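Listed below, chain by chain, are the residues.
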Amino acid sequence: MAKTRVLVEFGMGTSLRREDYTEAAKRAIKDALWHNSVSVAELFDFPKDAMIIDAEVGVAQPDQVDIAALKAIFPYGQPNIKVTQGGLDVEKPHAAGRTVIANAAVIVSFDMERA
Amino acid sequence: MMETADMAATLGEKRIILEMGTGNDLYGRYYTKAARRAVQDALHHSSITLFSKLNIDHSQMRVEVTIAVQDREQVDCVLVAQDLPRGRATVRAVKGGLNIADETSDSLHVVATAAVEAWLPDQAPAYKLSS
Chain A
1 MAKTRVLVEF GMGTSLRRED YTEAAKRAIK DALWHNSVSV AELFDFPKDA MIIDAEVGVA
61 QPDQVDIAAL KAIFPYGQPN IKVTQGGLDV EKPHAAGRTV IANAAVIVSF DMERA
Chain B
1 MMETADMAAT LGEKRIILEM GTGNDLYGRY YTKAARRAVQ DALHHSSITL FSKLNIDHSQ
61 MRVEVTIAVQ DREQVDCVLV AQDLPRGRAT VRAVKGGLNI ADETSDSLHV VATAAVEAWL
121 PDQAPAYKLS S
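First to last, the protein sequences are chains A and B.
Counting in our numbering, the first sequence runs from 1 upward without gaps.
Counting in our numbering, the second sequence runs from 1 upward without gaps.
If you are wondering where the hints come from, they were derived from the structure by calculation, not from laboratory data.
Because the structure is a prediction, the values reported are computed rather than measured.
Hints are not guaranteed to be accurate.
[Unchecked claim] Stretches of chain A that chain B covers, calculated by requiring three or more beta carbons in the stretch to come under 8 Å of a beta carbon on chain B:
1. 4 to 11
2. 32 to 38
3. 76 to 86
[What the hints assert, rightly or not] No more than 16 Å apart at the CA atoms, straight line, and that leaves these computed lysine to aspartate or glutamate pairs for EDC-like:
4. A:K82 x A:E56
5. B:K53 x A:D111
6. B:K128 x A:D45
7. B:K14 x B:E117
8. B:K14 x A:E42
9. A:K3 x A:E113
10. A:K71 x A:E91
11. A:K3 x A:D54
12. A:K30 x A:D54
13. B:K33 x B:E73
14. B:K95 x B:D76
15. B:K14 x A:D45
16. B:K128 x A:E56
17. A:K92 x A:D45
18. B:K53 x A:E113
19. B:K14 x B:E64
20. A:K92 x A:D31
21. B:K14 x B:E103
22. B:K128 x A:E23
23. A:K71 x A:E23
24. B:K128 x A:E42
25. B:K128 x A:E19
26. A:K48 x A:D111
Glycine is no exception: its CB is placed at the ideal position from the N, C-alpha and C atoms.
Just chain A, with the same shape it has in the complex (with noise of 0.2 Å):
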């Protein structure tokens, strides 16, 4: 059975003022996780640093993602971080800049087999 996805959590967050696509991401990341409160690797009586975990991250410019930042916001495991293309820049209509948006996934898998 191998690496088994057992959960996947979603998030949005913004940067409205200052294009911080790093921030954009954490607020993203951090909607995403405090959405929920999991508690798959109870229900197999695995211990929480047996979770797999892999965030994916979309926003319109991914080079000025920070990755080591996001890392630090997951309270427990190794996070696997990967910035895509994607998320959404509006152009503010009055002003020179845009409005950053930036969407996440955090996905949590288990090396695991039955019994």
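Following the hints, complete the assembly by docking chain B onto the known chain A.
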């Protein structure tokens, strides 16, 4: 209060997730609409993929929904229960949430919050970590 049969069914169950959401009805003072939006918000921030991965039938899942609004009597819990797509759902309403009133214009914004708890039979005997 729980029936005796339900009590027996809950033995050996574990809560796998608590999903939280919020929903508003801004102009209609319709508490059920705010409640349904709160449930949708709670549900759509996660996908529990272990059902398909491990071939666990959704009917094994018990779902407890708690709606918090300022006027709990106005929530149609039967209607809210119909919004739960999977599992065996029960809905109750309690006093909470938030109402924002503007005395100068007689407007009232209704804010509902929803807690969706999902329970499954203990899976610890059936699975182990690989390696």
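Violating hint indices (sorted, rising): As far as the earlier hints go, 3, 10, 16, 17, 20, 21, 22, 25 are violated by this structure, in ascending order.
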